[in-house]
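K.L.:
In case you want the letters, here they are:
There are 2 protein chains.
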Amino acid sequence: MKKIEILENQFSDKNFKMNLLHESENFKIINFNFKKGQILPVHSHDIDGELSLLVLEGEGKFLGADNLESPAKTGDLFISLISEPHGMKAETDMRILITIAPPL
Amino acid sequence: MKKIEILENQFSDKNFKMNLLHESENFKIINFNFKKGQILPVHSHDIDGELSLLVLEGEGKFLGADNLESPAKTGDLFISLISEPHGMKAETDMRILITIAPPL
Chain A
1 MKKIEILENQ
11 FSDKNFKMNL
21 LHESENFKII
31 NFNFKKGQIL
41 PVHSHDIDGE
51 LSLLVLEGEG
61 KFLGADNLES
71 PAKTGDLFIS
81 LISEPHGMKA
91 ETDMRILITI
101 APPL
Chain B
1 MKKIEILENQ
11 FSDKNFKMNL
21 LHESENFKII
31 NFNFKKGQIL
41 PVHSHDIDGE
51 LSLLVLEGEG
61 KFLGADNLES
71 PAKTGDLFIS
81 LISEPHGMKA
91 ETDMRILITI
101 APPL
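Going line by line, the protein sequences match chains A and B. Residue 31 in our numbering sits at position 31 of the first sequence; the count goes up by one each step and never skips. Residue 15 in our numbering sits at position 15 of the second sequence; the count goes up by one each step and never skips.
Since the hints were derived computationally from the structure, they do not count as laboratory data. Please note that a few of the clues may not be correct.
Because identical chains share one entry, a pair is satisfied inside a single copy or across any pair of copies.
[Claimed, not checked] Using 20 Å as the maximum straight-line C-alpha spacing, the simulated EDC-like pairs for lysine to aspartate or glutamate come out as follows:
1. Lys-35 <-> Glu-57
2. Lys-3 <-> Glu-25
3. Lys-3 <-> Asp-76
4. Lys-3 <-> Glu-91
5. Lys-89 <-> Glu-25
6. Lys-2 <-> Asp-76
7. Lys-14 <-> Glu-69
8. Lys-89 <-> Glu-59
9. Lys-28 <-> Asp-48
10. Lys-28 <-> Glu-84
11. Lys-73 <-> Glu-8
12. Lys-89 <-> Glu-5
Note that this is a predicted model, so its numbers are computed, not measured.
Build the full structure now, drawing on both the sequences and the hints.
P.N.:
Below, the structure is given as structure tokens:
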């Protein structure tokens, strides 16, 4: 068993900040923190696998193909194939948790 | 892309409540809600794979082998092999999110 405390104050003024929390043969868990206005542009990877995205705190938009913008707020969970276009736009300071399985 | 709203008021007085949020070939995501005092007893499964446990809200103890009790509070993340003994004891009303990969 491993306990990981997700720090709440890990932001950067330059760009969203990425903290790798765990990586194994089963999954990869990453914390992304966005200051208000920061964006993870829509992207995709041409590989198998899936990701979950949980909003730990804050509000913004989950970005998808064809300019899709889906409202995202604290406690919302999104599931996407890694091969589907996905991204995030923060409308307040925002902390999210991504789980990728199997890991990239 | 699928959006899942994790409801905050899904408790039961009888026992902890389990809500399956997502299941695929890559992972299984389950929300467990405990009223104060409810317990998921220590257990394990003799199979490969790993689970992550995120405390969405509340406080309690993560239970492990040899009577281990590790303090668990909102925002804490625990990682365990599925084959390692694991459990949870709620000391306040508590909502947690479990991700199992690969799925059972």
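K.L.:
Taking the hints in turn, state whether each one holds.
P.N.:
These are the hints, each one checked on the structure:
1. For a Cα distance limit of 20 Å, the shortest separation of Lys-35 from Glu-57 inside one copy, 11 Å, qualifies, whereas the shortest one across copies, 23 Å, does not.
2. With identical chains, the CA atoms of Lys-3 and Glu-25 are at most 20 Å apart within one copy only, with a shortest distance of 18 Å there and 26 Å across copies.
3. For the identical chains of this complex, Lys-3 and Asp-76 are inter-copy neighbours only, at 7 Å across copies versus 23 Å inside a copy, given an alpha-carbon limit of 20 Å.
4. For a Cα distance limit of 20 Å, the shortest separation of Lys-3 from Glu-91 across copies, 18 Å, qualifies, whereas the shortest one inside one copy, 30 Å, does not.
5. Taking identical chains as interchangeable, the C-alpha atoms of Lys-89 and Glu-25 are never at most 20 Å apart, the minima being 29 Å within one chain and 28 Å between chains.
6. When the C-alpha separation of Lys-2 and Asp-76 is checked against a cutoff of 20 Å, the pair qualifies only between copies, where the shortest distance is 11 Å, while the shortest distance within a copy is 25 Å.
7. For the identical chains of this complex, Lys-14 and Glu-69 are neighbours neither inside a copy (23 Å) nor across copies (40 Å), given an alpha-carbon limit of 20 Å.
8. Proximity of Lys-89 to Glu-59 under the C-alpha cut-off of 20 Å is restricted to the intra-copy arrangement: shortest distance 9 Å within a copy versus 31 Å between copies.
9. Proximity of Lys-28 and Asp-48 under a CA criterion of 20 Å is satisfied in both settings, with 14 Å inside one chain copy and 16 Å between copies.
10. Taking the closest pair of Cα atoms, Lys-28 and Glu-84 come within 20 Å of each other both inside a single copy (18 Å) and across two copies (19 Å).
11. In the homo-oligomer, the alpha carbons of Lys-73 and Glu-8 lie at most 20 Å apart both inside one protomer (16 Å) and across protomers (13 Å), since each shortest distance falls under that limit.
12. Within a single copy, Lys-89 and Glu-5 get their C-alpha atoms only as close as 24 Å, which misses the 20 Å cut-off; across copies the closest is 18 Å, which meets it.
Comparing the model with each earlier hint shows violations of hints 5, 7; every other hint is respected.
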